[in-house]
Amino acid sequence: DAKTTQPPSMDCAEGRAANLPCNHSTISGNEYVYWYRQIHSQGPQYIIHGLKNNETNEMASLIITEDRKSSTLILPHATLRDTAVYYCIVRVSRSGGGADGLTFGKGTHLIIQP
Amino acid sequence: DAGITQSPRYKITETGRQVTLMCHQTWSHSYMFWYRQDLGHGLRLIYYSAAADITDKGEVPDGYVVSRSKTENFPLTLESATRSQTSVYFCASRDRLGSYEQYFGPGTRLTVT
Chain A
1 DAKTTQPPSM DCAEGRAANL PCNHSTISGN EYVYWYRQIH SQGPQYIIHG
51 LKNNETNEMA SLIITEDRKS STLILPHATL RDTAVYYCIV RVSRSGGGAD
101 GLTFGKGTHL IIQP
Chain B
1 DAGITQSPRY KITETGRQVT LMCHQTWSHS YMFWYRQDLG HGLRLIYYSA
51 AADITDKGEV PDGYVVSRSK TENFPLTLES ATRSQTSVYF CASRDRLGSY
101 EQYFGPGTRL TVT
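The listed protein sequences correspond, in order, to chains A and B.
What the first sequence shows, in our numbering, is residues 1 to 114, in sequence order.
What the second sequence shows, in our numbering, is residues 1 to 113, in sequence order.
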């Protein structure tokens with residue numbers, strides 16, 4: 001699986017958009033980009049994933065560059081409850097197979113300021 | 001309750017004791033996983049299971065035993081607990097035909113004295 005690089009920490013004002021970058025310059029063609037977050041003392045929570053097109057769901061948007069070497073997770077209107085560690089993970093998605101788990105790096109500690 | 005649950009949520013035990021951490025999911029997901037989380041290491045995979053009676057080692061399996069007789073349960077046993085196994089343990093599951101969208105339990109904080 002490709003390695004990812006994320007800033008260790010970021011601040012964002014409440015109500016503003018939080019943009020979390022992830023570099024995955026060695027990503028291969030069949031690898032997806034996944035984002036998870038972990039709020040303090042809780043289990044990780046899936047946010048979103050994508051292959052090459054931009055994706056949006058009720059939680060966030062994922063913007064993947066055309067060369068797929070980097071991506072940005074966008075929380076459009078950050079709230080205090082979005083304070084968490086955000087993990088960017090690159091992984092081959094093998095539908096119907098592949099039971100091995102996810103590899104979590106150190107992630108980005110996002111702090112939402114009131 | 002629907003979802004994935006872990007018990008106990010907190011456990012203190014002594015070195016050398018056997019401890020079993022329970023994990024139960026209600027989605028009938030094929031895949032289940034055990035991770036441990038320590039400061040400075042992030043989450044590390046201990047064991048995983050693709051279906052009932054099918055288990056395999058992850059990154060850090062030494063000192064742990066798992067079983068999966070029923071799809072919904074995936075207990076993790078520390079046969080002889082050591083202080084180095086003091087950690088927060090997370091169970092997770094995912095659907096066979098899905099992507100790597102894993103659902104995590106709330107965790108068990110284990111302290112070995």
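Quick caveat, the hints were computed from the structure, so don't treat them as lab data.
Because the structure is a prediction, the values reported are computed rather than measured.
Please note: incorrect hints may appear among the correct ones.
[Stated by the list, open to error] Heads up, simulated DSSO-like pairs for lysine-lysine below, C-alpha to C-alpha not over 30 Å straight-line:
1) 57/B x 106/A
2) 57/B x 70/B
3) 106/A x 3/A
4) 11/B x 106/A
5) 11/B x 70/B
6) 106/A x 69/A
7) 52/A x 69/A
8) 3/A x 70/B
9) 52/A x 3/A
Evaluated hints:
no.	hint	result
1	57/B x 106/A	holds, 22 Å
2	57/B x 70/B	holds, 18 Å
3	106/A x 3/A	holds, 12 Å
4	11/B x 106/A	holds, 26 Å
5	11/B x 70/B	holds, 24 Å
6	106/A x 69/A	holds, 19 Å
7	52/A x 69/A	holds, 10 Å
8	3/A x 70/B	violated, 35 Å
9	52/A x 3/A	holds, 17 Å
When each numbered hint is compared with the structure, a violation occurs for hint 8 only.
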